[in-house]
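Line order of the protein sequences matches chains A and B. Position one of the first sequence corresponds to residue 1 (full-length UniProt numbering), numbered consecutively onward. Position one of the second sequence corresponds to residue 1 (full-length UniProt numbering), numbered consecutively onward.
Mixed in with the good hints there might be a few duds.
Pairs count within a copy or across copies, as identical chains cannot be separated in the list.
Said to hold, decoys possible - Below, computed lysine-lysine pairings styled on DSBU-like, alpha-carbon distance capped at 30 Å:
(1) LYS67 with LYS2
(2) LYS250 with LYS2
(3) LYS183 with LYS92
(4) LYS2 with LYS62
(5) LYS2 with LYS183
(6) LYS250 with LYS42
(7) LYS92 with LYS42
(8) LYS42 with LYS183
(9) LYS2 with LYS42
These are computed hints drawn from the structure, not numbers from a lab.
Number of protein chains: 2
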Amino acid sequence: MKTLSENRVFDGVQGVYVHPSVTCGCEMTFALYLPPEAAHSKVPLLWYLSGLTCTHENAMTKAGMQKYAAELGMAVCFPDTSPRGADVADDKAFDLGQGAGFYVDASQAPWDPHFRMWSYVTGELPRLIGDHFPVEMDRQSITGHSMGGHGALTVAMRQAERFASVSAFAPIANPVASDWGRKQFTAYLGNDEADWAAHDSSLLMRDHGFDGPVLIDQGTSDQFLDLLRPETLAEAMAARRQDGVFRFQKGYDHSYFFMATFMEAHMAFHADALDL
Amino acid sequence: MKTLSENRVFDGVQGVYVHPSVTCGCEMTFALYLPPEAAHSKVPLLWYLSGLTCTHENAMTKAGMQKYAAELGMAVCFPDTSPRGADVADDKAFDLGQGAGFYVDASQAPWDPHFRMWSYVTGELPRLIGDHFPVEMDRQSITGHSMGGHGALTVAMRQAERFASVSAFAPIANPVASDWGRKQFTAYLGNDEADWAAHDSSLLMRDHGFDGPVLIDQGTSDQFLDLLRPETLAEAMAARRQDGVFRFQKGYDHSYFFMATFMEAHMAFHADALDL
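Make the full structure from the sequences, and use the hints.
Laid out in structure tokens, this is it:
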């Protein structure tokens, strides 16, 4: 693992690191914020999964998380959204291929050699973080935006023992019934829709929910409401009697401005679940 | 004037607008954040001048100002850093030409037809803002970063009646004695160094200071300390007995992470001067 940069911010350290990934078969970059407390003791870890077209960098620079992470004493990890490189498959569309891994393990050509973001964020990267940084791997929570909200919810519901809480901003909430999902799952996972269900947060919510609190924020002026399908997840949460809150935020859209506005509340929510 | 975008953030509106500039002879883009209070009454205005290579967008997305502006009830204007366009002169260097206006009015070819950022930020843009938005033009303050810190300080000291307070993050503090200054002033203003003095905040501070409070933050790990020359401004402030604080922040560099860390303190400082 190599350090690409480390910047002091809110008395902690915002690092960017690159490592050869066995899972993805390429170099992978991630960012990790360590709060001031991490200089002398281990701290809990919040995962932030990003949306379409993003790298590790977008939320790191635009979501304003470091201030709250410093105050709360929480590390934040920002993984990339896909494998990358000249020898990694790609597509001209912004919503398929590099920058659009959808947090699944591809079984189909040409994607299967590298597009293994499910295993990367659930296995390899957590092990790497736990081995190299002062984080408490038995105190984790997870959040994300859009495609990353989809990732956060599906990872949390399938690795429930790992996370104290999950939240999402404008998640792709029902990808098996959306053009943000059907296209990508067909490409990555193949035509058998039975294989898709494990990656749909509305279906997972209906099936078994999450053993901890859930917080969802969705802007009412989001330009992608038809693709996100928040109503399906809201219905599933209510039907499940899920411990959770689904909030519609009037006038907010799909941008980082929306996320920055409600980030403090999400981080306080996770801190509470993590007993911080 | 045309609206390029408006996003809801912290219950206010982050707008981006473009207008034909008489001063610069081209279309100019600026961003303006209006806090929730501006929906029903006029609010004070804080100017944020950006550094080399930046547009209106960098601080708007990375400095985290909207949260504090919303809480304090303050508008924030983010001008661009130069004229732009295919028919506007430019240079291959990042620190001359487009993205590097240095907040001066050029008198030399090929720059003089468009590079009039001094007149733009001291005259045309304030008039436009005052005419079109609910801001109190008799309650203004100004801040900036690097080249924009230079701009904020020089504009404030030469238009003292306009501003209640001035602050800067890692300003280019003594451009007449720095490679970030001598090169650009020669290109834009010509070889007569007497014409440069009106654009050097250390010289202006020695000569007459600012009739209000001044706050400067400078990181001790800034990679550009030799070019910024903070010691010259600190000495001038002390010699002048300027009402002000010059803070060296241990371990911080020149990045937006540094600025984001201390933005809350700067905005509270301006709010205090503006009687908010």
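Practice task
Kindly indicate which numbered hints from before are broken by the structure, ordering the numbers from low to high.
Solution key: When the structure is compared with the hints, numbers 5, 7 and 8 turn out to be violated.
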